[in-house]
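2 protein chains.
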Amino acid sequence: MKAMLVDKDKNLVWSDVPDPVIKDDEVLVKIYAAALNRADLLQREGKYPSPKGCPEWMGLEISGEIVELGKSVSNWKLGDKVCALLGGGGYAEYVAVKHDMLMPVPRGITMEEASSLPEAYATSYLNLFIEGHLEAGQTAFIPAGASGLASVAIPMAKAFGARVITSVLSDEIAEKIKPLGADVIINSTTQCVEEILKAEEERGTPVSVSMDCLSGETLGKSLPYMAEGGYWVVISTLAGIETTVQLRPLLTKGLHLVGSMLRKRTPEFKAWLLSELVNNVWCKLESGEMKPSVYKVLPIEEAEEAHAILYRGENIGKVVLKIAKE
Amino acid sequence: MKAMLVDKDKNLVWSDVPDPVIKDDEVLVKIYAAALNRADLLQREGKYPSPKGCPEWMGLEISGEIVELGKSVSNWKLGDKVCALLGGGGYAEYVAVKHDMLMPVPRGITMEEASSLPEAYATSYLNLFIEGHLEAGQTAFIPAGASGLASVAIPMAKAFGARVITSVLSDEIAEKIKPLGADVIINSTTQCVEEILKAEEERGTPVSVSMDCLSGETLGKSLPYMAEGGYWVVISTLAGIETTVQLRPLLTKGLHLVGSMLRKRTPEFKAWLLSELVNNVWCKLESGEMKPSVYKVLPIEEAEEAHAILYRGENIGKVVLKIAKE
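Residue numbers (the working numbering), protein chains in the order written: chain A, 53 to 378; chain B, 53 to 378.
Incorrect hints may have been included.
A pair holds if it fits inside one copy or across any two, identical chains being indistinguishable in the list.
[Stated by the list, open to error] Calculated cross-link-like contacts (lysine-lysine; reagent style DSBU-like; alpha-carbon spacing at most 30 Å):
1. 104 <-> 250
2. 250 <-> 75
3. 273 <-> 250
4. 228 <-> 60
5. 133 <-> 273
6. 228 <-> 348
7. 305 <-> 273
8. 62 <-> 305
9. 99 <-> 210
10. 273 <-> 99
11. 316 <-> 250
12. 62 <-> 99
13. 104 <-> 305
14. 250 <-> 99
15. 305 <-> 99
16. 150 <-> 305
17. 316 <-> 273
18. 305 <-> 377
19. 374 <-> 305
20. 150 <-> 322
21. 210 <-> 62
22. 228 <-> 62
23. 104 <-> 75
To be clear, the hints were calculated from the coordinates, so they are not data collected in a lab.
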């Protein structure tokens with residue numbers, strides 16, 4: 053089969069690789085679409101290798117059709133349309149997936165849209181509700197509102213009854229992301245994030261949960277204005293790898309600063325997380341309460357341009373590679 | 053009755069105050085002994101007032117005898133020997149206590165010893181096992197090994213099968229606290245705490261849980277050497293109220309930095325915590341596996357000297373005020 057390798061000059065090359073051989077508890081999925089993640093760029097640069105046992109090529113999430121079943125797999129059948137969370141290996145024609153890393157494609161969702169669900173939905177659900185313990189009526193702070201992840205996390209937090217604050221880099225982007233439904237959109241180029249979070253505390257709506265891909269010094273400056281018992285969940289460090297934490301408010305408010313990466317979780321945890329998603333969130337996609345957020349679909353031949361969109365940071369929502377026709 | 057008030061010059065004055073009147077769900081306890089806590093010193097200085105609904109005078113833990121029962125109290129009887137966790141009001145002859153803030157005095161433990169149990173045992177159990185999720189075979193870092201709290205927390209962590217690292221300010225103190233059973237005692241005057249924690253990680257015994265009353269810059273310098281999924285629980289900030297956190301190790305190791313104060317917990321939580329103590333830890337006191345750690349017992353008339361011992365930091369273990377004879 054074909055898979056997207058990275059050559060020594062860091063170019064993407066659609067190359068011949070051995071066909072995957074499934075284990076007894078796996079299924080073979082013919083891939084229709086693979087969605088991009090920022091982690092793909094890091095992996096391409098050699099900074100974020102696939103975990104052991106996964107294909108070396110990029111791709112954390114796909115949609116497709118089951119074309120072969122392992123001997124012990126009883127919860128799926130040939131022809132099932134699925135989406136899957138992968139440790140790696142999504143930029144390819146086929147992938148072997150353990151039976152409990154698959155989810156059914158929600159009713160009314162296209163295969164391209166379905167490919168964009170697993171990583172962002174699992175990451176958002178994990179960090180908002182499991183690590184962050186977000187509850188209806190609380191305020192969530194989800195910075196980088198124009199990111200693919202925020203395009204899922206903001207509507208998800210809203211769909212579960214939270215108030216949402218986000219941040220973007222310009223008024224123009226603020227306008228663009230209005231449809232996501234955030235209650236407050238901070239322009240962090242002209243406004244001071246921590247001052248706004250302080251004002252939120254003063255008006256009685258302090259942040260209970262932050263799912264933070266930016267971090268940096270803004271994190272430490274904002275922490276003191278959180279709600280009692282709040283959770284600040286660091287999921288990336290795009291704005292800085294250090295922060296100064298004020299320990300008195302951490303102590304007196306009983307705050308939690310937590311680092312959280314989906315990719316490093318155990319297979320058992322991931323399987324449980326996906327079952328939670330199907331049980332609690334898929335209904336909101338099927339009812340139309342939440343909508344997948346696909347910015348652009350490009351054919352696999354244009355993978356280079358797809359990556360360039362992420363490098364330029366122009367996408368609002370997810371970028372998807374179309375690999376095969378249904 | 054008498055209670056210890058603080059006059060406008062911050063002197064301790066054994067004064068007449070109104071007798072407590074119990075509610076239906078409370079009991080009246082004749083106090084035999086009250087144990088001191090560092091929070092008492094802060095309260096005396098006006099920096100840590102009693103929570104609403106509690107007597108204004110100091111005292112977070114006592115032992116005594118039940119001399120009156122509220123109408124709806126069925127789980128205790130007159131004459132029961134008890135110890136209690138209080139929001140305040142322990143430096144007195146009597147105190148009204150809600151029925152679920154009491155614990156029986158463990159068999160073989162004196163009343164003076166019993167008064168020293170609730171705060172330190174509840175704090176240690178809360179932060180090591182509930183906030184910190186400490187498990188047998190893991191390593192716990194409990195700095196300030198000569199503190200009253202560490203004199204409980206170190207043997208408790210050991211009794212539950214953990215490896216324990218502590219720190220003290222001199223070789224002399226290190227020698228004195230050897231009986232507590234810590235596996236490693238760092239002299240933080242001559243040794244670098246984070247270097248030792250780094251070495252622990254290199255030898256395969258990284259710190260999974262820290263119950264940290266010192267905090268300050270050492271906290272941030274030490275975090276990167278924790279075990280995957282570790283919990284650093286800040287319970288005080290005696291060594292500094294700020295720290296610089298490296299967010300990459302926080303993220304990649306899935307670490308948790310948590311602020312935790314016993315005193316601010318809800319009454320329901322405290323009641324549950326005390327029941328956990330009686331169920332899981334009292335047996336270890338009754339078997340002799342853990343021993344109460346009382347440094348000195350002074351009569352209530354010498355409360356000033358008792359406080360001076362804490363101010364000077366000379367005590368290894370708890371200081372107890374004797375208020376009445378059994």
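Checklist entry - So which of those numbered hints doesn't the model satisfy? => result 2, 4, 5, 9, 18, 19, 21 and 22
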